[in-house]
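Trainee: Sequence:
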Amino acid sequence: MGWKKSEMDRRTKRKELSQKGYTQLLQGSRLATARTKNTSVHVKHCFEIARAIKHRTAGEAVEFLNNVLKIDSDRPDIRKKATAVPYRLGSGNKRRKRSGPSMVGHRKGGIGPGRYPVKASKIMIKLIESCMENARHQYEDIDPEDMVITHCAAHRGEIKRGWIPRARGRASPSNHYRVNLEIFLEDFSVSEEDDYEDEF
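Just so we're aligned, residue 1 is where the sequence shown starts under the working numbering, counting upward by one.
It is worth saying that the hints were derived from the structure and are not from the lab. Ideal placement from N, C-alpha and C gives every residue a C-beta, glycine not left out. There could be a bad hint or two in this list.
[Unchecked claim] In silico lysine-lysine, DSBU-like type, Cα no more than 30 Å apart, as pairs:
{"#": "1", "residue 1": "Lys54", "residue 2": "Lys119"}
{"#": "2", "residue 1": "Lys70", "residue 2": "Lys81"}
{"#": "3", "residue 1": "Lys122", "residue 2": "Lys37"}
{"#": "4", "residue 1": "Lys122", "residue 2": "Lys80"}
{"#": "5", "residue 1": "Lys126", "residue 2": "Lys37"}
{"#": "6", "residue 1": "Lys54", "residue 2": "Lys70"}
{"#": "7", "residue 1": "Lys70", "residue 2": "Lys37"}
{"#": "8", "residue 1": "Lys44", "residue 2": "Lys126"}
{"#": "9", "residue 1": "Lys80", "residue 2": "Lys70"}
{"#": "10", "residue 1": "Lys37", "residue 2": "Lys54"}
{"#": "11", "residue 1": "Lys126", "residue 2": "Lys20"}
{"#": "12", "residue 1": "Lys122", "residue 2": "Lys20"}
{"#": "13", "residue 1": "Lys126", "residue 2": "Lys54"}
{"#": "14", "residue 1": "Lys81", "residue 2": "Lys122"}
{"#": "15", "residue 1": "Lys54", "residue 2": "Lys80"}
{"#": "16", "residue 1": "Lys80", "residue 2": "Lys126"}
{"#": "17", "residue 1": "Lys122", "residue 2": "Lys44"}
{"#": "18", "residue 1": "Lys119", "residue 2": "Lys160"}
{"#": "19", "residue 1": "Lys70", "residue 2": "Lys122"}
{"#": "20", "residue 1": "Lys119", "residue 2": "Lys81"}
{"#": "21", "residue 1": "Lys119", "residue 2": "Lys37"}
{"#": "22", "residue 1": "Lys44", "residue 2": "Lys80"}
{"#": "23", "residue 1": "Lys70", "residue 2": "Lys126"}
{"#": "24", "residue 1": "Lys44", "residue 2": "Lys81"}
{"#": "25", "residue 1": "Lys160", "residue 2": "Lys20"}
{"#": "26", "residue 1": "Lys160", "residue 2": "Lys126"}
{"#": "27", "residue 1": "Lys70", "residue 2": "Lys44"}
{"#": "28", "residue 1": "Lys80", "residue 2": "Lys119"}
{"#": "29", "residue 1": "Lys20", "residue 2": "Lys54"}
{"#": "30", "residue 1": "Lys54", "residue 2": "Lys44"}
[To be verified] Derived Cβ-Cβ restraints for the label pairs, each shown as a range:
{"#": "31", "residue 1": "His155", "residue 2": "Lys80", "range": "33 to 39 Å"}
{"#": "32", "residue 1": "Arg79", "residue 2": "Gly21", "range": "35 to 41 Å"}
{"#": "33", "residue 1": "Asn66", "residue 2": "Asn134", "range": "17 to 23 Å"}
{"#": "34", "residue 1": "Pro165", "residue 2": "Pro113", "range": "36 to 42 Å"}
{"#": "35", "residue 1": "Arg170", "residue 2": "Ser29", "range": "55 to 61 Å"}
{"#": "36", "residue 1": "Ile111", "residue 2": "His176", "range": "26 to 32 Å"}
Can you build the whole structure from these sequences, using the hints too?
Mentor: Printed below as a string of structure tokens:
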């Protein structure tokens, strides 16, 4: 499920609007945005989730992340139904290749390497729900759950530096890395001709 990237790029090419705090131009006529800064969560987990939910609808993304959270349940039958997030970054170990430089020793089929980032999934669900609420305030004639995620990114935020005391007067650095998240939702329910006529 999801929209093709070429279709979304063609539909969002006409309008461009820059806004402070975002890393990408706000393109599109029926667009809703949300972001969070300096969140205490691993940047790699957020990066992999952002890659997994991009080009999905908001409702599908929330459902996918809720399935990831099933791994944290106390019931074994619910944990078996949990869905893993595919982890692509750093999985290309050349020493374990089978048929290419990016292949690792996993079974054929399925998703390959993956994990269940519970904390990052909860934060991403809150971000999507915040963006959906912004869409409800901006547009009254659309369903936010049907809006498509056209952009979702995770960038390293501020570094909270700290030190761990050691013996003989030494100290080792103990830095806490944070992450900045941003997401764009766009509505494609209106035809391109009607959207073009509304501009005039």
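Trainee: Each of the hints needs a verdict: does it hold here or not?
Mentor: Going through the hints against the structure:
{"no.": "1", "hint": "Lys54 x Lys119", "in the structure": "19 Å, holds"}
{"no.": "2", "hint": "Lys70 x Lys81", "in the structure": "7 Å, holds"}
{"no.": "3", "hint": "Lys122 x Lys37", "in the structure": "15 Å, holds"}
{"no.": "4", "hint": "Lys122 x Lys80", "in the structure": "19 Å, holds"}
{"no.": "5", "hint": "Lys126 x Lys37", "in the structure": "13 Å, holds"}
{"no.": "6", "hint": "Lys54 x Lys70", "in the structure": "21 Å, holds"}
{"no.": "7", "hint": "Lys70 x Lys37", "in the structure": "27 Å, holds"}
{"no.": "8", "hint": "Lys44 x Lys126", "in the structure": "18 Å, holds"}
{"no.": "9", "hint": "Lys80 x Lys70", "in the structure": "8 Å, holds"}
{"no.": "10", "hint": "Lys37 x Lys54", "in the structure": "20 Å, holds"}
{"no.": "11", "hint": "Lys126 x Lys20", "in the structure": "22 Å, holds"}
{"no.": "12", "hint": "Lys122 x Lys20", "in the structure": "26 Å, holds"}
{"no.": "13", "hint": "Lys126 x Lys54", "in the structure": "16 Å, holds"}
{"no.": "14", "hint": "Lys81 x Lys122", "in the structure": "18 Å, holds"}
{"no.": "15", "hint": "Lys54 x Lys80", "in the structure": "25 Å, holds"}
{"no.": "16", "hint": "Lys80 x Lys126", "in the structure": "24 Å, holds"}
{"no.": "17", "hint": "Lys122 x Lys44", "in the structure": "15 Å, holds"}
{"no.": "18", "hint": "Lys119 x Lys160", "in the structure": "19 Å, holds"}
{"no.": "19", "hint": "Lys70 x Lys122", "in the structure": "12 Å, holds"}
{"no.": "20", "hint": "Lys119 x Lys81", "in the structure": "18 Å, holds"}
{"no.": "21", "hint": "Lys119 x Lys37", "in the structure": "16 Å, holds"}
{"no.": "22", "hint": "Lys44 x Lys80", "in the structure": "24 Å, holds"}
{"no.": "23", "hint": "Lys70 x Lys126", "in the structure": "17 Å, holds"}
{"no.": "24", "hint": "Lys44 x Lys81", "in the structure": "24 Å, holds"}
{"no.": "25", "hint": "Lys160 x Lys20", "in the structure": "23 Å, holds"}
{"no.": "26", "hint": "Lys160 x Lys126", "in the structure": "23 Å, holds"}
{"no.": "27", "hint": "Lys70 x Lys44", "in the structure": "20 Å, holds"}
{"no.": "28", "hint": "Lys80 x Lys119", "in the structure": "19 Å, holds"}
{"no.": "29", "hint": "Lys20 x Lys54", "in the structure": "22 Å, holds"}
{"no.": "30", "hint": "Lys54 x Lys44", "in the structure": "16 Å, holds"}
{"no.": "31", "hint": "His155 x Lys80: 33 to 39 Å", "in the structure": "35 Å, holds"}
{"no.": "32", "hint": "Arg79 x Gly21: 35 to 41 Å", "in the structure": "38 Å, holds"}
{"no.": "33", "hint": "Asn66 x Asn134: 17 to 23 Å", "in the structure": "21 Å, holds"}
{"no.": "34", "hint": "Pro165 x Pro113: 36 to 42 Å", "in the structure": "37 Å, holds"}
{"no.": "35", "hint": "Arg170 x Ser29: 55 to 61 Å", "in the structure": "59 Å, holds"}
{"no.": "36", "hint": "Ile111 x His176: 26 to 32 Å", "in the structure": "30 Å, holds"}
Hint violations for this structure: none, all hints satisfied.
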